[in-house]
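Okay, so the sequence shown: first residue is 1 according to the UniProt record's numbering, each after it adds one.
The reader is advised that the hints may include incorrect statements.
[As the list claims (entries may be wrong)] Under the rule of at most 25 Å between Cα atoms (straight-line distance), these lysine to aspartate or glutamate pairs were calculated in the DMTMM-like manner:
(1) Lys375 - Asp364
(2) Lys290 - Glu261
(3) Lys185 - Asp364
Please keep in mind that the hints were generated in silico from the structure rather than gathered at the bench. A quick note: this is a predicted structure, and the numbers were derived from the prediction, not measured.
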Amino acid sequence: MILYTIHTRYNNPSLMNVCSWCDDLSTDRHPIAEPTVNGTERDNRKSQRPTRRHSNDTPNMRAVLLLAVVALAVAADSQCLQKRLNDVKSGKVPLRGGNLGSWFIQEGWMVPWLWSNNGCNAGQNPGTTKLEQCLGSRGAGVMQKHWSTFVTEADFIAMADNNLNAVRLPLGWWQIYDPVGGASKAQLKQHIEPTNYLTGALKYVDLAFQWGAKHGVGIIIDLHAAPGSQNGDDHSAPPAPGVQNWDKYPANVAQSLDSIELYAQRYHNKTAFLGFCLINEPKVNTNTLKKYYKDAYDRIRKHSSNSIVIINPLITNQDVTNQEWTSFMNPPQYNKVYMSMHWYHIWGFEGKSDAWKLNYIKNDRNNQVTDYLKKNPKPGVIDEWSCGGISNGRDAMQAQLQPFNRVNWIFWAWSKTSGGDNWSLRAAFEKGWINKSQTGVASC
């Protein structure tokens, strides 16, 4: 088992050479000569016997050496993974990772069983808030089972082994308010929803940070579901289907700032902490949004001076090369502000053939990246993209890697779900659509 662990986890031939004698651990290479009935002959043969060591000296010594080799390998691996984290934190290497979508903010197309297995309808009760309301008293048990199994340490090990250095962690504004180690209960002001949210997720967020630190995977906290919903879509946990209230009431914006700061207070000193995505896919008033970005940046900088802060344009207008965004929150006044892009090839591409889409990626997307790098001084991150909309997943992956590797990227999503393999980075690695050497992150 120890040899198997060395070979598979560290894949280092030199370690196997050091242990070339390990198959001898339980074998005595110094047998005692068989006695005969002739005492004289037996006595004469005594002097010809190899000198036998104490019964356990040789195996014990070898076992000690083997354990020392394993300890050295573990230490070297840990140092390499820590360097991987330090490099992505400092910006020496780009962000490369996956989104942990539907772990804490559930989407019916990804995890439909949470609805269907519990007598709920994802169409009538879209998003986390409506799901929790439908579950009622069963909610705590259902969600605890989901939180504890949907993502585990094995996922972080797989990410590390595939040379990924980051995850984007979608969370709700309310999940920091947890009686088990979280902040005190939110001051639920007028128009802030949900008003009866489930607690208990925060300990699994804590685990994510522990696993990330252990396996060299940094974590970006993503405010995926803001108070009142910032877009009305199911992934923002709207209070009712299609309802978007975030910018309609100042209390919603104020609560978002409070939640961001509380998350910053809790996680800013964690080894795996990379930063924040301030709000996901907003469909709101631009002036309100831009003021929120500046205020949230200031709240974060009270606790963390050098973390990443990702800002999103309106989801309805992903042009991040216009002056509205190229002149906004730039260095040196604003440090480590990244510009988000969500570039899919399914919505808005209806009726287009696979060949047309692949050609668009090869030419137009590459030109868009070039244009961005020329016009926008902020680092760019394509923090949502997938192979969805193109039937051949490998073709889709390889085509997108060409332009996307020029900036930071985080795939939607990591886990294998009902959405299919075209929406899973883990599946893409397992199927060979992408090789770990293509991430640009050094192996450990």
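Taking only the CA atoms, is the gap from lysine 185 to aspartate 364 under or equal to 25 Å? Since the Cα atoms of lysine 185 and aspartate 364 sit roughly 48 Å apart, the hinted pair is violated (cutoff 25 Å).
Decide if the proposed pair is consistent with the structure: lysine 375 and aspartate 364, CA atoms, cutoff 25 Å inclusive. holds (16 Å)
Quickly compare the C-alpha distance for lysine 290 and glutamate 261 to 25 Å and report which way the hint goes. holds (17 Å)
In this structure, only the earlier hint numbered 3 is contradicted, and the remaining ones agree with it.
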